[in-house]
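Chemist: Here the sequence shown is numbered in this note's numbering, starting from 15 and rising by one per residue.
Any given hint could turn out to be false.
Unchecked claim - Here are the in silico distance ranges between beta carbons for each label pair:
| hint | residue 1 | residue 2 | range |
| --- | --- | --- | --- |
| 1 | GLU111 | SER212 | 31 to 41 Å |
| 2 | LYS128 | GLU198 | 52 to 62 Å |
| 3 | ILE142 | GLY197 | 20 to 30 Å |
| 4 | VAL205 | GLN33 | 25 to 35 Å |
| 5 | SER240 | LYS125 | 26 to 36 Å |
| 6 | GLU20 | SER227 | 17 to 27 Å |
| 7 | ASN196 | ASP113 | 48 to 58 Å |
| 8 | ASN126 | GLU185 | 20 to 30 Å |
| 9 | SER209 | GLU260 | 51 to 61 Å |
| 10 | ALA45 | SER227 | 46 to 56 Å |
| 11 | GLU210 | GLU21 | 25 to 35 Å |
| 12 | ASN79 | ILE142 | 16 to 26 Å |
Said to hold, decoys possible - List of simulated lysine-lysine pairs, DSBU-like, C-alpha gap at most 35 Å:
| hint | residue 1 | residue 2 |
| --- | --- | --- |
| 13 | LYS255 | LYS78 |
| 14 | LYS200 | LYS163 |
| 15 | LYS163 | LYS231 |
| 16 | LYS164 | LYS128 |
| 17 | LYS22 | LYS58 |
| 18 | LYS200 | LYS271 |
| 19 | LYS36 | LYS67 |
| 20 | LYS58 | LYS128 |
| 21 | LYS200 | LYS253 |
| 22 | LYS200 | LYS255 |
| 23 | LYS16 | LYS182 |
| 24 | LYS47 | LYS67 |
| 25 | LYS36 | LYS25 |
| 26 | LYS182 | LYS255 |
| 27 | LYS16 | LYS237 |
| 28 | LYS182 | LYS22 |
These aren't lab readings, by the way, just hints derived from the structure by calculation. Remember, it's a predicted structure, so these values are computed and weren't measured experimentally. Idealized CB from N, CA, C, for every residue including glycine.
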Amino acid sequence: MKVTIEEKHKKELFVSLFQLLKNSTNALKIAFKEDHLYIQGMDKSHICLFDIKIMSPWFTSYEKNDEDTECICIDTNIFFTVMSMCSENHVLVLEYENDPEHIQIQWIHDKNKKGEFDKIFNITLLDIESDYFEIPEVDYQAEFSISSKKINEIMTQLTSFGDIMNIKCNEENVTLISSGLNGEMKVHISVDDLSEYSITEDDEELNLFFGLSYLQKMCVHTKLSSEIGFSFGNNFPMKIKYDLGEDSHCVFYLAPKSDD
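Take the sequences, apply the hints, and build the full model.
Modeler: Next comes the structure, spelled out in structure tokens:
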């Protein structure tokens, strides 16, 4: 199995992705399918599920041999540490053969650039068994897309006033509310300021609650995509989707909180 990434923005995206996953879990199973890389798992508290699919054309090269094992398990902390040791002029290479105990990660420098060096790492793999969850199709009652930078800024500000976000959606506005001992912050977002917005006509205003610390973690990495898609429905987890391009995505599902 050998995967390479040359493009600067894709290297940055890949590093940001594993930074995000490192903050969610200590161990991770990565599946190298015939035509895509697939990751699924849950955070340490089992409140958030992540589902990631990166198609083979997204990478500079994606080579899989029949004898190579499909799934490997990594320590997310050391994996991200290695991921973060790149420079602008490095090419990322991930490689293993058969059923390995290690994965080799290489940062290969541009031979035309002086002052840079190749960096080669052999990272010990973990032996962990985990099953995939079947994610059902859901008809959400409200969906919208917004600038990732803008929603990151809003989430950061909301955490100054509480640890739970109340979201309300109607045909005209999306309202985000956080309150606590220090007071209350309320953000009214007109549907005209959203890239996309839809809400089912036969429903009353949605009124849902979610943990802000989890939301902030999911929205902090603006390099994944310029926009984030949100989907809501009563009695369903919130869906947060990053479009990574070339039919690839990173999706999070966050369980709601009660309004007690």
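Chemist: Just to be careful, I want the Cα atoms of LYS200 and LYS255 compared with a cutoff of 35 Å; is the pair within it?
Modeler: holds (24 Å)
Chemist: Please work out if LYS164 and LYS128 have their alpha carbons no farther apart than 35 Å.
Modeler: Roughly 39 Å between the alpha carbons, so the hint for LYS164 and LYS128 is violated.
Chemist: Mind checking the hinted window 51 to 61 Å against the Cβ distance between SER209 and GLU260?
Modeler: At 20 Å between Cβs, range violated.
Chemist: Could you check the hint for me, namely that SER240 and LYS125 are 26 to 36 Å apart, CB to CB?
Modeler: holds (33 Å)
Chemist: Take a quick look at whether LYS200 and LYS253 sit within 35 Å of each other, Cα to Cα.
Modeler: Given that 35 Å is the threshold and the Cα spacing comes to 22 Å, the pair holds.
Chemist: Would the hint linking LYS200 and LYS163 be met if the CA-CA limit is 35 Å?
Modeler: Holds, because 18 Å separates the two Cα atoms, which is no more than 35 Å.
Chemist: Is the Cα-Cα distance between LYS182 and LYS255 35 Å or less?
Modeler: OK: LYS182 and LYS255 at ~19 Å, within 35 Å.
Chemist: Given the hint of 48 to 58 Å, check if ASN196 and ASP113 actually sit that far apart at their C-beta atoms.
Modeler: holds (54 Å)
Chemist: Check the hint pairing LYS16 with LYS237 against an upper bound of 35 Å on the C-alpha distance.
Modeler: holds (24 Å)
Chemist: Falls inside 52 to 62 Å, the C-beta gap from LYS128 to GLU198?
Modeler: Holds, at about 57 Å.
Chemist: Are LYS200 and LYS271 close enough, with their CA atoms no more than 35 Å apart?
Modeler: holds (18 Å)
Chemist: Take the C-alpha atoms of LYS182 and LYS22, compute the straight-line distance between them, and say whether it is at most 35 Å.
Modeler: violated (38 Å)
Of the numbered hints stated above, those contradicted by the structure are hints 1, 3, 6, 8, 9, 10, 16, 20, 23 and 28, listed in ascending order.
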